[in-house]
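Visitor: Spelled out from the first residue to the last, the chains are:
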Amino acid sequence: MAGNEFSVKLLIWRQSGPAQPGELASYTMDNVLPEMSLLEMLDLLNEKLTAEGIDPVAFDSDCREGICGTCGLVINGIAHGPHSGAATCEVRMRSFSDGETIVIEPFRAASFPVIKDLVVDRAAFDRIMQAGGYVSINTGSAPEANSIPVPRPHAESAMDAAACIGCAACVAACPNASASLFTSAKISQYAQLPQGRAEAKRRVVRMVDAMDEEGFGNCSNHGECEAVCPKEISIFNIGRMRREYLKAVL
Amino acid sequence: MAGLTDITRSTVGKKLLNGLTGLLLCGFIVSHLTGNLLLLVGREAFNQYAYFLHSLGHGAVVPIMEVGLVMLFGAHAISGISVARSRRRARPDGYKKSANAGGTSRKSLASRSMIVTGTVLLIFVILHVAQFKLGWGQLRDYPDVMIDGHASVDLYSRVVDWFNWAPMVGLYVVVMLMLGNHLRHGFWSAFQTLGANNPRYENLINTAGMLFAAAMAVGFLLIPIYIFLFVEPTAGSSLAAG
Ligand code: HEM
Ligand code: SF4
Ligand code: FES
Chain S
1 MAGNEFSVKL LIWRQSGPAQ PGELASYTMD NVLPEMSLLE MLDLLNEKLT AEGIDPVAFD
61 SDCREGICGT CGLVINGIAH GPHSGAATCE VRMRSFSDGE TIVIEPFRAA SFPVIKDLVV
121 DRAAFDRIMQ AGGYVSINTG SAPEANSIPV PRPHAESAMD AAACIGCAAC VAACPNASAS
181 LFTSAKISQY AQLPQGRAEA KRRVVRMVDA MDEEGFGNCS NHGECEAVCP KEISIFNIGR
241 MRREYLKAVL
Chain B
251 MAGLTDITRS TVGKKLLNGL TGLLLCGFIV SHLTGNLLLL VGREAFNQYA YFLHSLGHGA
311 VVPIMEVGLV MLFGAHAISG ISVARSRRRA RPDGYKKSAN AGGTSRKSLA SRSMIVTGTV
371 LLIFVILHVA QFKLGWGQLR DYPDVMIDGH ASVDLYSRVV DWFNWAPMVG LYVVVMLMLG
431 NHLRHGFWSA FQTLGANNPR YENLINTAGM LFAAAMAVGF LLIPIYIFLF VEPTAGSSLA
491 AG
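First to last, the sequence lines map onto chains S and B. If you read the first sequence in my numbering, its first letter stands for residue 1, the second for the next number, and so on. If you read the second sequence in my numbering, its first letter stands for residue 251, the second for the next number, and so on.
FYI, nobody ran anything at the bench for these hints, they're computed from the structure. Keep in mind that the hints are not guaranteed to be accurate.
[Stated by the list, open to error] Okay, the calculated bits of chain B under chain S, using three or more residues with CB under 8 Å as the criterion:
| hint | region |
| --- | --- |
| 1 | 257 to 270 |
| 2 | 329 to 341 |
| 3 | 357 to 371 |
| 4 | 420 to 426 |
[As the list claims (entries may be wrong)] Here are the computed lysine-lysine pairs in the DSSO-like style, where the Cα-Cα straight-line distance is at most 30 Å:
| hint | chain 1 | residue 1 | chain 2 | residue 2 |
| --- | --- | --- | --- | --- |
| 5 | S | Lys9 | B | Lys347 |
| 6 | S | Lys48 | S | Lys9 |
| 7 | S | Lys9 | B | Lys346 |
| 8 | S | Lys48 | B | Lys346 |
| 9 | S | Lys48 | S | Lys116 |
| 10 | B | Lys347 | S | Lys48 |
| 11 | S | Lys116 | S | Lys201 |
| 12 | S | Lys116 | B | Lys346 |
| 13 | S | Lys201 | S | Lys247 |
| 14 | B | Lys347 | S | Lys116 |
Even glycine gets a Cβ: it sits at the ideal position worked out from N, Cα and C.
One chain only, chain S, in its complex shape (with noise of 0.2 Å):
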């Protein structure tokens, strides 16, 4: 184990309360491992912190293998830092090196209200599916396989828009901070599936309608969205949620 540990200087946004000032505190943390995660090393900054008495650093995490986006943070001014593909909880220390700096910041937007240092309120995304991402109907059990025909590409984008974890990456990393990556999505999965498309119109309308309500900003179609989401949805789905709004609306 020994002679790969090394060190690094964290500059990590701390605020005690929603309506309390916040500000970048500086740590050093030495004895980090290569194959630690970064959740890891902010555990142990953590332990450290308790001992020392000051408060621990609050960030939020559950799975910590990708899949179920309860983690979120700005890494070096990188949603989900600096791998493509990934989730915070999948960044391993191994991609930062002896003595660097890593400014660790909260997704930032009007609608994620900051809860406490590095955790915010997410619940404006659980208002927008409350408002459309569902099935009415009882789809009851699975249908025998050849009564309802799906071609496959549309049941393959609609699971690949499935995959959103609902981490809120893509409007922490927009310059606007608009929520366009997620509802599309959402819009995506249920409008390329029959048991969907019966209430397209209707869904698409509510669930932009409640985007916009919880003041998300507009789409300039940077794309920086896509750059960062761990499960790569495509900017293609804001496309399709334009069209089906279209379609909606004429």
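Got chain S; can you put chain B with the ligands on it based on the hints?
Guide: Coordinates of chain B with the ligands only, in the frame set by chain S:
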């Protein structure tokens, strides 16, 4: 339920309006450039063309087009400004450190400066119309020329005299480079906005957008530069002396 008015209400609607009007404006500048290249052919050809346009439909076509263009620019500018402004409300507190994600991101200087290049274009278009259509600030009166037995404005001389003045040429060069930048992101972006972008054609649309942006910028640049270098100012213009 939902109706067409939603287009002006929701973010998706406004973006659709911005993309559609942007693409229509692309169509307009193609025809504008094509006609104006006649300036390089000569006095006769260009003044004939101006007369031809103004005589279309017993003179009714140009005013109708003008109203349409004012609405097009207006709708495009209002929707574009609304998209750009949405970020201020949506992200009041920025990041201490921000970086580009790279990878498949399409974010560029062009995409980030749409509001800047767009605002410059808006101011420019107003001044451009005042300058050439209304004849503001011109240095002398241009007597009408006779075309097919009709009196018609001598637009050629007005243009040639303005473009013999170096600062005016410089201004046009700067603004046309901004137009090129607006279109470098804008052309592809409009297809993405209208849902007409897809994995198979994305590279094609992107390349076409680059070529289109370059063609428009270079095409419009050519006119003032060519006139400045190769066409003498008209007699009687005070700039002719200098
Ligand atoms: C020669 C005239 C113009 C042409 C050909 C043009 C073309 C375009 C195109 C094709 C787009 C892409 C639309 C989309 O993303 O869906 C666009 C976007 C935009 N235009 Fe223009 N435009 C022109 C003038 C203007 C003017 C006068 C403004 C005034 C402010 C403006 C502001 C904008 C803005 C802010 C955007 C980007 C909106 C965003 O953030 O997504 N443009 N333009
Ligand atoms: S689209 Fe991607 S970045 Fe956005 S919430 Fe879904 S998984 Fe996260
Ligand atoms: S903690 Fe579950 S995706 Fe990162």
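Visitor: Next, verify each hint and record whether it holds.
Guide: Hint check:
1. 257 to 270: holds (count 8)
2. 329 to 341: It holds: at least three residues are needed, and the region 329 to 341 of chain B offers 8 whose Cβ sits within less than 8 Å of chain S.
3. 357 to 371: holds (count 4)
4. 420 to 426: That given contact is violated, which follows from only 0 residues of the region 420 to 426 of chain B lying within Cβ reach (below 8 Å) of chain S.
5. S:Lys9 / B:Lys347: holds, 15 Å
6. S:Lys48 / S:Lys9: At roughly 14 Å apart (the allowed maximum being 30 Å), S:Lys9 and S:Lys48 satisfy the hint.
7. S:Lys9 / B:Lys346: holds, 16 Å
8. S:Lys48 / B:Lys346: holds, 25 Å
9. S:Lys48 / S:Lys116: Distance ~19 Å between S:Lys48 and S:Lys116 Cα, so the pair holds.
10. B:Lys347 / S:Lys48: holds, 25 Å
11. S:Lys116 / S:Lys201: violated, 38 Å
12. S:Lys116 / B:Lys346: holds, 17 Å
13. S:Lys201 / S:Lys247: Roughly 7 Å between the alpha carbons, so the hint for S:Lys201 and S:Lys247 holds.
14. B:Lys347 / S:Lys116: holds, 19 Å
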